[in-house]
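Place chain B on chain A using the hints.
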Amino acid sequence: MARITHGLSTSHIPAIGAMIDQGRTDGDYWAPIFEGYQWTKQYLADNMPDVVILVYNDHASAFDMKIIPTFAIGCAEEFKPADEGWGPRPVPPVPGHPDLAWHIAQSCILDEFDITIINEMEVDHGLSVPMDVMFDSKDNRTPAKWPVRVVPVAVNVVTYPPPTGNRCWMLGEAIARAVESYPEDLNVHIWGTGGMSHQLQGPRAGLINKEWDQNFLDLMTQDPEKLRTIQHIEYLRETGSEGIEMVMWLIMRGALQGNVTELHRHYHVPCSNTALGHLVLKNEVAETVVA
Amino acid sequence: MGDEAVTQTMPRDVHAYLAEFDDIPGTRVYTAQRARVGYHLNQFAMSLMKDENRQRFLADQRAYLDEWDISEDMKQAVLDRDYNRLLDLGGNIYFLAKLFSTDKLSFQDAVSTMTGMSKDEYFSMMVAGGRSPEGVRSIKDKN
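Quick note, the sequences are listed as chains A and B, same order.
Converting from the first sequence to the numbering used here requires adding 56 to each position, the first position being numbered 1.
Converting from the second sequence to the numbering used here requires adding 399 to each position, the first position being numbered 1.
Excised from the complex, chain A in its bound form (with noise of 0.2 Å):
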């Protein structure tokens, strides 16, 4: 049967993908934020998933104000990289997962989560940079194709209001009772992305909060049933108003049911407007439950 075995969670600033693409990742200022992913990088080769649920929010690009999904889930063979106003990405499209992705929709309508399926949709920056970041070449260059399979878990968190913590924590439940009853024996990561901090409007824009944020990462390991209970309104005062996609770390987190250790760590401001934030947990449990 197919297992859950890692949680990683990664911001998903647009700007390191704009790096990547006109190979400007060395320097002073990007140096040390692509340095970080090198330990997840050599981990990943080292111990590469088969499917990635790539949990993140769509910014604008497949959905418009026209359909406004709380969760979706992304069901085709391929997902072509979307055109954010600079042209597409010259990355290569993200295999799909058809099979697991219908087997998730199915079992978490049944275990009461009705989320939206789609079978056509482009993808951002939201799901393009995470791709980048942990399966790109030591020195940042795109692979001319990506060495996994892809089911994309859309959240809204652009419309108030998003979902709140606790929902997206029982999400990452029910995708997990999900993952554990797809018959195929598939190593599966499950990845939270977006945030930390940011607010990117307004006269308060640049708001960054590195103790809430370390907080915050500690939590995911040391007691993360209290990242539950915060409110929306914690995170727009604390982490500015789109620190708020930090929800999806929660559908990560919320997948790993067993002990959970913390395999590496990286947290660097600033990245561009950002505080980048980048989690590898290890979902002990999953090894001995199969059995």
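Honestly, the hints are just simulated from the structure, not real lab data.
Beta carbons are placed, not taken as given, at the ideal position from N, Cα and C, and that holds for glycine.
Please note that the accuracy of each hint is not assured.
According to the in silico footprint, chain B covers these stretches of chain A (three or more CB under 8 Å from chain B) [what the hints assert, rightly or not]:
hint, stretch
1, 95-103
2, 129-140
3, 212-226
4, 264-275
5, 324-337
For chain B alone, kept in the frame of chain A given last:
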């Protein structure tokens, strides 16, 4: 961070939930009210995801804007690239990103225009660790 009440994590009263957003200084939360006012403005911005539309817009901005069911205020704010005004008129930053990307402006440079700082001042503030949350959490609590 968080509290003990696990079963009810959010206020069930939508009015109380929304009212708190107005207490955050220098911030326009993208509520349903704003989304409704800004619907066509945001859809105009979405249209700039197509290269042919970007070219048409850049060739004659006024004529392109006149094709959309949006107010004169909105059109003027687009022409002025007044992003704070566009937020007030129901624009959302991820939609408006299509406008500043059409201008070949990065998120950082576009965002700096809303802060009253120059591009360089904003960059320096970010490199120094960003804007502190101290004093800008709440209008009423002045913290």
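Hint by hint, here is what the structure shows:
1. Requiring three or more residues with a Cβ within less than 8 Å of a Cβ of chain B, the coverage given for the stretch 95-103 of chain A is violated, as only 0 such residues are present.
2. As drawn, the stretch 129-140 of chain A meets chain B at 3 residues by the rule of a beta-carbon pair under 8 Å; at three or more, the given contact holds.
3. Counting residues of the stretch 212-226 of chain A whose C-beta sits closer than 8 Å to any C-beta of chain B gives 7, which meets the bar of three, so the coverage hint holds.
4. With 7 residues having a beta carbon nearer than 8 Å to a beta carbon of chain B, the stretch 264-275 of chain A meets the requirement of three or more and the stated coverage holds.
5. Under the rule that three or more residues need a Cβ within less than 8 Å of chain B, the assignment of the stretch 324-337 of chain A holds, with 5 such residues.
When the structure is compared with the earlier hints, a violation turns up for hint 1 alone.
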